[in-house]
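Student: Top to bottom, those sequences are chains A and B. Letter 115 of the first sequence, counting from 1, is numbered 115 in the UniProt record's numbering, and no numbers are missing. Letter 22 of the second sequence, counting from 1, is numbered 22 in the UniProt record's numbering, and no numbers are missing.
No lab work stands behind these hints: they were computed from the structure. Each hint should be verified, as a subset may be incorrect.
Subject to a maximum C-alpha distance of 20 Å in a straight line, what follows is the list of computed SDA-like cross-link-like pairs (lysine to any residue) [as the list claims (entries may be wrong)]:
hint : chain 1 : residue 1 : chain 2 : residue 2
1    : A       : K120      : B       : H188
2    : A       : K120      : B       : E131
3    : A       : K47       : B       : V15
4    : A       : K120      : B       : L84
5    : A       : K47       : A       : L58
6    : A       : K120      : B       : E187
7    : A       : K47       : B       : P16
8    : A       : K120      : B       : D82
9    : B       : K179      : B       : V15
10   : B       : K157      : B       : P196
11   : A       : K120      : B       : Q176
12   : B       : K157      : B       : G26
13   : A       : K120      : B       : G26
14   : B       : K179      : A       : K47
15   : A       : K120      : B       : C143
16   : B       : K157      : B       : C143
17   : A       : K120      : B       : Q192
18   : A       : K47       : A       : L97
19   : A       : K120      : B       : T117
20   : B       : K179      : B       : S39
21   : B       : K179      : A       : L97
22   : B       : K179      : B       : M167
23   : A       : K120      : B       : P16
24   : A       : K120      : B       : P166
25   : A       : K120      : B       : T79
26   : B       : K179      : A       : L129
27   : B       : K157      : B       : D122
28   : A       : K120      : B       : R119
29   : B       : K179      : A       : L58
30   : B       : K157      : B       : E131
31   : A       : K120      : B       : R193
32   : A       : K120      : B       : D122
33   : B       : K179      : A       : L126
Which stretches of chain B does chain A cover? Using the computed rule of at least three CB atoms under 8 Å from a CB of chain A, they are [to be verified]:
hint : segment
34   : 23-36
35   : 155-168
Quick list of the computed label-pair ranges, beta carbon to beta carbon [said to hold, decoys possible]:
hint : chain 1 : residue 1 : chain 2 : residue 2 : range
36   : B       : Q132      : A       : D115      : 17 to 27 Å
37   : A       : D83       : B       : E40       : 13 to 23 Å
38   : A       : D49       : B       : V41       : 22 to 32 Å
Each residue gets a CB set at the ideal place from its N, CA and C atoms; glycine is no exception.
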Amino acid sequence: MRTDLPGPRHEWLDDDAGPVVRPYTLTGGRVHPSSDGFDLVAYVTAKPDPDLAAYPELHPEHRLLVELAGRGTPVVELAADLDLAVGVVRVLLGDLLSRGLVAVHQPPRATYLPDNDILKAVVDGLRAL
Amino acid sequence: MDSVRYDGERRGHRVPIALKILIAGGFGAGKTTLVSALSEVRPLQTEEILTGAGIDTDDISGVETKSTTTVAMDFGRITINDDLQLYLFGTPGQDRFWFLWDELAFGALGAVVLADTRRLADCFPSIDYFEQRGIPFVVGVNCFDDSRRFSLEAVRKALDLDPDVPMVLCDARDRQSGKTVLISLVEHVARQRGEPVPTA
Ligand SMILES: Nc1nc2c(ncn2[C@@H]2O[C@H](COP(=O)(O)OP(=O)(O)OP(=O)(O)O)[C@@H](O)[C@H]2O)c(=O)[nH]1
Ligand SMILES: [Mg+2]
């Protein structure tokens with residue numbers, strides 16, 4: 001996944017870089033997504049058959065996000081797959097959301113959900129592991 | 001918050017529910033070890049950006065001059081079924097990362113606080129954090145080989161824990177042991193809601 005990323009890489013995240021500088025270069029300095037609320041475990045699903053050619057302004061990382069979100073992927077997994085900080089991924093996702101290229105499915109707040117059936121399923125599932 | 005943000009076609013795909021569980025505890029208490037032992041995939045890591053306090057978000061040049069660093073976050077995944085996944089997040093140990101705790105804890109199902117009996121006081125901040133926010137938690141007493149065995153009651157007393165907070169002896173390296181801790185957490189959550197999960 002790391003090696004086949006087209007285009008410029010985020011050189012500041014190499015292994016011995018230590019503290020990063022300018023992590024938000026990719027986002028043009030924006031530190032907040034245009035719409036916030038991407039929970040770490042919110043599922044991102046890409047719009048089916050997106051016409052990415054219509055958006056020349058998007059970075060390779062945007063395109064990769066759309067690809068990875070094809071089957072529905074939580075934000076934190078997208079960040080790990082792209083080897084980008086979660087904060088950066090949120091900004092990029094905001095760009096995609098505002099263009100209608102992805103959908104974001106917020107997880108239920110655990111305080112309201114999950115109901116007891118879900119908790120029971122979790123316990124049963126864990127026992128069966 | 002639990003809305004579909006873009007009501008695009010999903011072509012029959014159901015989006016699974018992902019539940020967050022936090023793995024907390026003091027420095028070196030076994031958080032990363034427990035997440036790795038339980039995760040069905042290689043232990044995953046991502047990072048969050050830590051930016052100097054009081055950043056001016058409208059001032060791009062300000063962003064560029066602020067020094068930033070990243071905090072590594074361990075996470076793991078357990079697939080319960082097609083519709084249900086657990087995500088385990090190891091909390092960063094240092095105080096200056098509290099902002100990240102808030103993000104991790106938002107909407108979380110509950111937490112496991114790992115207590116290292118050689119340094120019990122190290123998990124006080126974690127316990128305080130979850131108590132204050134009303135997030136259900138259990139205490140996993142991590143039995144390091146070289147520690148003398150404490151009785152659970154002695155540990156409970158030392159931690160000044162509420163009597164209803166479950167305590168479980170565990171070995172963070174052992175998957176079965178970790179499972180037991182998670183099960184006790186989920187059962188605790190269900191009990192707190194007054195709908196106990198029937199024991200199998
Ligand atoms: N004997 C024994 N060793 C353990 C256990 N859990 C963790 N360890 C060891 O303790 C050391 C620290 O464990 P980690 O999982 O890195 O602890 P941590 O809480 O993630 O540490 P920080 O992230 O640095 O705060 C590692 O060398 C583990 O192998 C346990 O249950 N028993
Ligand atoms: Mg760790």
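Student: Please go over all the hints and tell whether each is borne out by the structure.
Tutor: Checked hints:
1. For the suggested pair K120(A) and H188(B), the alpha carbons sit about 12 Å apart, so the restraint of at most 20 Å is met.
2. Distance check on the hinted pair: K120(A) and E131(B) sit about 24 Å apart at the alpha-carbon level, beyond 20 Å; violated.
3. Taken as a hint, the K47(A) and V15(B) pair is honoured in the structure, with Cα atoms around 14 Å apart against an allowance of 20 Å.
4. Distance hint between K120(A) and L84(B) is fulfilled; the C-alpha atoms sit about 12 Å from each other, no more than 20 Å.
5. For the hint linking K47(A) to L58(A), the alpha-carbon distance of about 16 Å falls within 20 Å, and the restraint holds.
6. For the hint linking K120(A) to E187(B), the alpha-carbon distance of about 8 Å falls within 20 Å, and the restraint holds.
7. Between the alpha carbons of K47(A) and P16(B) the distance comes to roughly 17 Å, so the proposed pair stays at or under 20 Å and holds.
8. For the given pair, K120(A) sits about 15 Å from D82(B) by alpha-carbon distance, which is consistent with the 20 Å threshold.
9. At most 20 Å may separate the alpha-carbon atoms for a hinted pair to count; K179(B) and V15(B) exceed this at roughly 25 Å.
10. Among the hinted pairs, K157(B) with P196(B) is inconsistent with the structure: their alpha-carbon atoms are about 26 Å apart, more than 20 Å.
11. Among the hinted pairs, K120(A) with Q176(B) is consistent with the structure: their alpha-carbon atoms are about 18 Å apart, no more than 20 Å.
12. For the hint pairing K157(B) with G26(B), the CA-to-CA distance comes to about 18 Å; that is within 20 Å, so the pair holds.
13. Between the alpha carbons of K120(A) and G26(B) the distance comes to roughly 30 Å, so the proposed pair goes past 20 Å and is violated.
14. As the CA atoms of K179(B) and K47(A) are separated by approximately 37 Å, the hinted pair breaks the 20 Å bound.
15. For a cut-off of 20 Å, the pair hint linking K120(A) to C143(B) is broken: about 28 Å separates their Cα positions.
16. Restraint check for K157(B) and C143(B): satisfied, since their Cα atoms lie roughly 17 Å apart, inside the 20 Å limit.
17. A threshold of 20 Å between alpha carbons decides the hint, and for K120(A) with Q192(B) the separation of about 14 Å falls inside it, so the pair holds.
18. Our distance criterion of 20 Å between C-alpha atoms is met by K47(A) and L97(A), whose separation comes to about 10 Å.
19. Taking the CA atoms of K120(A) and T117(B), the gap is about 31 Å. The hint is violated against a cut of 20 Å.
20. About 10 Å separates the Cα atoms of K179(B) and S39(B), which keeps this hinted pair within 20 Å; it holds.
21. With a C-alpha separation of about 37 Å, the suggested pairing of K179(B) with L97(A) is violated against the 20 Å cut-off.
22. For the proposed pair K179(B) and M167(B), the alpha carbon gap of about 14 Å is at most 20 Å, so the pair holds.
23. Under the criterion of a C-alpha separation no larger than 20 Å, the hint pairing K120(A) with P16(B) is consistent with the structure, at around 16 Å.
24. For the proposed pair K120(A) and P166(B), the alpha carbon gap of about 18 Å is at most 20 Å, so the pair holds.
25. Restraint check: the Cα-Cα separation between K120(A) and T79(B) comes to about 14 Å, which is no more than 20 Å; the hinted pair holds.
26. Taken as a hint, the K179(B) and L129(A) pair is honoured in the structure, with Cα atoms around 8 Å apart against an allowance of 20 Å.
27. Under the criterion of a C-alpha separation no larger than 20 Å, the hint pairing K157(B) with D122(B) is consistent with the structure, at around 15 Å.
28. Under the criterion of a C-alpha separation no larger than 20 Å, the hint pairing K120(A) with R119(B) is inconsistent with the structure, at around 34 Å.
29. Restraint check for K179(B) and L58(A): not satisfied, since their Cα atoms lie roughly 43 Å apart, outside the 20 Å limit.
30. Restraint check for K157(B) and E131(B): the C-alpha separation of about 16 Å stays at or below 20 Å, so the hint holds.
31. Pair hint K120(A) plus R193(B) holds up; C-alpha atoms about 13 Å apart against a cutoff of 20 Å.
32. The suggested pairing of K120(A) with D122(B) is violated, with an alpha-carbon distance near 32 Å, which exceeds 20 Å.
33. With a CA separation close to 6 Å, the supplied pair K179(B) and L126(A) stays within the 20 Å bound.
34. A stretch counts as covered by a chain when three or more of its residues have a beta carbon under 8 Å from one of that chain; for the segment 23-36 of chain B and chain A the count is 0, and the coverage is violated.
35. Three residues within the 8 Å Cβ limit are the bar, and the segment 155-168 of chain B against chain A gives 0, so the coverage statement is violated.
36. Here the CB-CB span from Q132(B) to D115(A) is close to 26 Å, well matched to the stated 17 to 27 Å.
37. Taking the beta carbon of each, D83(A) and E40(B) are about 21 Å apart, inside 13 to 23 Å as hinted.
38. Remark: the range hint 22 to 32 Å for D49(A) to V41(B) is upheld by a beta-carbon distance near 29 Å.
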